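Since chain B is already given, all that's left is putting chain E on it; use the hints.
Protein chains: 2
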Amino acid sequence: MKEERYFYVPDASHQNELPKEEAQHALRVLRMQAGDEMFLMDGCGTFYQAEISAASTKHCLYNIRQTLSQKKTWNGRIHLAIAPTKMMDRMEWMTEKCTEIGFDELTFLRCQFSERTTIRTDRIEKIVVGAVKQSRKAWKPIVNELTKFSDFIHTPREGRKFIAHCYDEIDRADLFQTLQQTPQEEDVTILIGPEGDFSIEEVREAISQGYESITLGSSRLRTETAGLMAVAMAQLSKRNV
Amino acid sequence: MKEERYFYVPDASHQNELPKEEAQHALRVLRMQAGDEMFLMDGCGTFYQAEISAASTKHCLYNIRQTLSQKKTWNGRIHLAIAPTKMMDRMEWMTEKCTEIGFDELTFLRCQFSERTTIRTDRIEKIVVGAVKQSRKAWKPIVNELTKFSDFIHTPREGRKFIAHCYDEIDRADLFQTLQQTPQEEDVTILIGPEGDFSIEEVREAISQGYESITLGSSRLRTETAGLMAVAMAQLSKRNV
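If you read the sequences in order, they're chains B and E. Per the working numbering, the first sequence starts with residue 1, numbered consecutively. Per the working numbering, the second sequence starts with residue 1, numbered consecutively.
You may find that some hints are simply not true.
You can't tell identical chains apart in this list, so a pair holds if it fits in one copy or across any two.
As the list claims (entries may be wrong) - The calculated DSS-like cross-link candidates involving lysine-lysine, where the alpha carbons are at most 25 Å apart (straight line), are:
1) Lys126 - Lys161
2) Lys126 - Lys86
3) Lys148 - Lys20
4) Lys20 - Lys133
5) Lys72 - Lys133
6) Lys133 - Lys86
Hints in this document: simulated from the structure, not taken from any laboratory. Please read all numbers here as calculations on a predicted model, not as lab measurements.
Just chain B, same shape as in the assembly (with noise of 0.2 Å):
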């Protein structure tokens, strides 16, 4: 069985060449020619079997053959927000490992306690288009710059908005049990802090916004962890099954 090949085309519908990247991926790499048949993928929810009409050294033409609309394996959008850590590889592989499992929007954060304060948001969105390619999802996370953390409490979101944190002098309820008790549509944004947690103030200002405090259980979870697991616990509770 031929393997099928997945390649990322933003608006493919309208487009009839494949992006310098990805013309060089199926040229070079793969070593497709004229005829062969690929697959775009527009992360907007449409794949489309298309059919190579012509390719040189750097360019790769297609036509569209059929429109291949998905459907949406969860519902409600995941929203995860999180303050990066300091090494930047374990940024890297929690975007790999949430593209894979499902999510729909990351920001990053920059909070009072951050050990990070700039990242390189064009190799995290590589890694997610990566992702998306590798496990064939039908929409790409969005990926969002690097944003204040009270600027983000401050922007008016949809569905319920979540506070990972570890003060005990702050009640906390269980996310997990929260999700499974919250209807599948409605969407839903978690915040994760950096390594030295959010400030106390902080907690108590996006509270004020109509944050949830929760904790992700008993378990000491590093930071990207708990990103995944906050994902992963969304992802459990949304999903069509």
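For chain E alone, coordinates are given in the frame of chain B:
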């Protein structure tokens, strides 16, 4: 507040000296001295509050001040048996994350389509110990040597046994739904195949040995992500809230 220092000392109550590597860490990295407080983890359910009684360049002796029996935070045992991926780093991070999330035993499998047929379990063991300390787990997961698939499935095991695979022609139940309907105390063993999946003969052989055919859901997951999600599903089904 002073950070609490944790050290892994198997059989800690019958010893009075840190193992070599732990002593090095305490003395050279953390620069601890006689009189300093520390916590010992025996990996079998007990922490000990201890004090350094004597410290030389290479030796770190301790006196135990208090025995702190821990309560397990989940019910039943979670055993993941997985074919190692070609890239070792993927198995290493999976091991770290599964330890943080919480599981009891890890076995590497040698399967028909395995891309990797050797594994340095000493490295994996070190990662487990590091994650046990970092996430303050009272029980250290057991790491087993690489085992032949057929030997593994012919070994009797308590509880429910599952094999995840991608063959449409064999009925598959949803693992998470099944786990949520299973008594928490029941042990679970979950098999995850290599990049090229188990062979269909392996799946049938496992089923004949009482393994239940399962899927992790509609997402197409890499091997290491499948291992991680299997552990996450078991943990979320078995944890005490």
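Hints and how they fare:
no. : hint            : result
1   : Lys126 - Lys161 : neither (27 Å within a copy, 38 Å between copies)
2   : Lys126 - Lys86  : both (20 Å within a copy, 22 Å between copies)
3   : Lys148 - Lys20  : neither (33 Å within a copy, 45 Å between copies)
4   : Lys20 - Lys133  : within (16 Å within a copy, 46 Å between copies)
5   : Lys72 - Lys133  : within (15 Å within a copy, 40 Å between copies)
6   : Lys133 - Lys86  : between (28 Å within a copy, 20 Å between copies)
In terms of the numbered hints stated before, the structure departs from hints 1, 3, listed from lowest to highest.
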